[in-house]
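K.L.:
Each chain, letter by letter, is given below.
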Amino acid sequence: MAIAAVFRTCPDTGLKVHSHAENLIKANAVVAVIFLAVGGFFGLLVALTRWPAVHLLPADAFYLVLTAHGANVLLFWILFFEVAVLYFASAILLNSRLAMPKVAWGSFVLMIIGAVIANVAVLQGESSVMFTSYPPLKAVPHFYLGLILFAVGMLGAVLVFFATLVIAKDEKTYEGSVPLVTFGAITAAIIAVFTLASGAVILIPTWLWSMDLISEVDPIIYKVIWWGFGHSSQQVNVAVQVAIWYAIAAMVLGAKPLSEKVSRAAFLLYIVFLQLASAHHLLVEPGISSNWKVFNTSYAFYLAVLGSMIHGMSIPGAIEAAQRRRGLTQGIFEWLRKAPWDNPAFSGMFLSLILFGFLGGITGVVMGTEQINLIIHNTMYVPGHFHATVVAGTTLAFMAITYLLIPLIFRRELVFKRLAKWQPYLFGIGAAGISLFMMGAGTLGVPRRHWDITFTDAPLTVEMPGTAFLMMGLNGVFAILAAIGGLAYIVVVVGSVFFGKHRDEAVAKANPVIFDGGEAVTQYGSEGTIRIPGTIVLVAIFFTSFVLYYFVNWKYLSEVWPLR
Amino acid sequence: MAKSAKKAAPEPEPGDIPFMQRLLDNPFILLFIGVTVPTLIYLVWGVVEVAQIPLAK
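Chains as they are written, first to last, in the numbering used here: chain A, 180 to 743; chain B, 126 to 182.
Chain A extracted, bound-state conformation:
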């Protein structure tokens, strides 16, 4: 086949774009957004049910909808979008053809079949086992089969990604080391292999158990291995979202990392240690030693936290250095004040970075401390934490990069630009509110996953403080705000993809969406400066918050569990 028939030249970057890669990015991104819409709708129903004054759904429907919400947003939305990012970071950024397009399309179809089967199983009403599906809760066999098919499809996509790296190196489509964003994608793909292998190891016997082909699945063994899948899948998100933060900073502002080597070392810390955080789900499990718990969640995992803190300084630092290079040197924060806050790609990225760090990052370390974990284990604090990481962090970062993928890959101009400008703020503030108020309710003892926090029919009564009801009500209010932000995203994306003005070479030249042809995102290189006073102030505020919050929790523990 002639090269010209399968490649186009991007008018914005000058990169060759392989048609299979482009079509697969489009297909995976579109399907991801569909699952976001479905899962987000279920999420709104969950929040309106947990709002005590509304209490929308009956108990049976609540657990069904909660299961559907978890599967659609934590797995299907996120992983379809991550496949799009993997193909973008390999074939597009490396200027290469995509390896094995037939395998890539086969994987895509398998993922859709798996996701649809799992959804059908849940909606049939016999599989309300929630995202974790802990035995002895048993779903119908096709629920597990759907998840297994989805995981196998995802594994195929990861295989295509690695094969594309080999082809790009072999065909010398780039020189030296891969760009940092591609390295972040490699990190995500590696974590994905561990994640999917763990899923296969535990979901296949659970599927056999659901068909009565084996007699039992040990619940604690299940928990250990399942969390290698369930939590590590969220660590794939972390790696991809950090890669996206670097990508947007580079594409919108031409920002290079402060030190490419240090940022790569931070990703290496992710590769080795990030998956170990899975153990924090088992911190109150009897029968497992504190050695295993503390080594995994503290000693080893803190090295991954170090990686996150390096990224957390490097990315705003890179933005500050790039802005200062362009003359925005007045005072400490002129670079930040005059950042492109009306560009939804930038505002979404920066909000995602701040919310992930302050709300998700700090609380993640608190949760991962064995002693403090006792205060909040299995309370609303847990979904509060992961809504900060996965919704305010990952989902907002994915939304932000969409505003660049639409002009660059779909080759359409954005429609409803005013709505697009406000969308990251609506969604970000909504997601931040959800996280904060869930965590507040959890600190007051509100259990997670429970239909009725008053325990009306329970033999022992439980009295929650009035503040807990207020927190759950505010969670509902901010869930509505986040849903409006999510709906705005879908309206802008669907409207732009179907009705946006076609972006030909003339439009691309007249209205460039990326800085300097995207050189900073496709090449190895560093800003090579630490003259970043504004970022140092931000980092100081972060550390002060971190230390204060950490010790406040120890103080709180000493009050609820006095040692005499």
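Be aware that a few hints might be false.
[As the list claims (entries may be wrong)] Coverage of chain A stretches by chain B, computed from C-beta distances (three or more under 8 Å per stretch; other residues unrestricted):
(1) 213–223
(2) 398–407
(3) 444–456
(4) 548–557
(5) 581–588
Don't read these hints as lab results, they were simulated from the structure. Backbone N, C-alpha and C fix where the C-beta goes; we use that ideal spot for every residue, glycine too.
Using the hints provided, position chain B relative to the given structure of chain A.
P.N.:
Below, chain B alone, put in the same frame as chain A:
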């Protein structure tokens, strides 16, 4: 011409490339590390701990 596909410079000798860069430039060694470490420290160690819990009599 793509930004990352500039005219090829002379290939450096393997000995010229620092160990860490060679490590970070090899996704398959990283894949091996990234799968082996959590498999041993999290999965294998965790399952051994659970398997050692004595059965109730």
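K.L.:
Does each hint fit the structure? Answer for all of them.
P.N.:
Consistency of the hints with the structure:
1. 213–223: As far as the stretch 213–223 of chain A goes, the hint is violated, because 0 residues have Cβ atoms under 8 Å from chain B.
2. 398–407: holds (count 5)
3. 444–456: It holds, with 7 qualifying residues against the three required.
4. 548–557: With 0 residues close enough to chain B, the hint is violated.
5. 581–588: violated (count 0)
Comparing the model with each earlier hint shows violations of hints 1, 4, 5; every other hint is respected.
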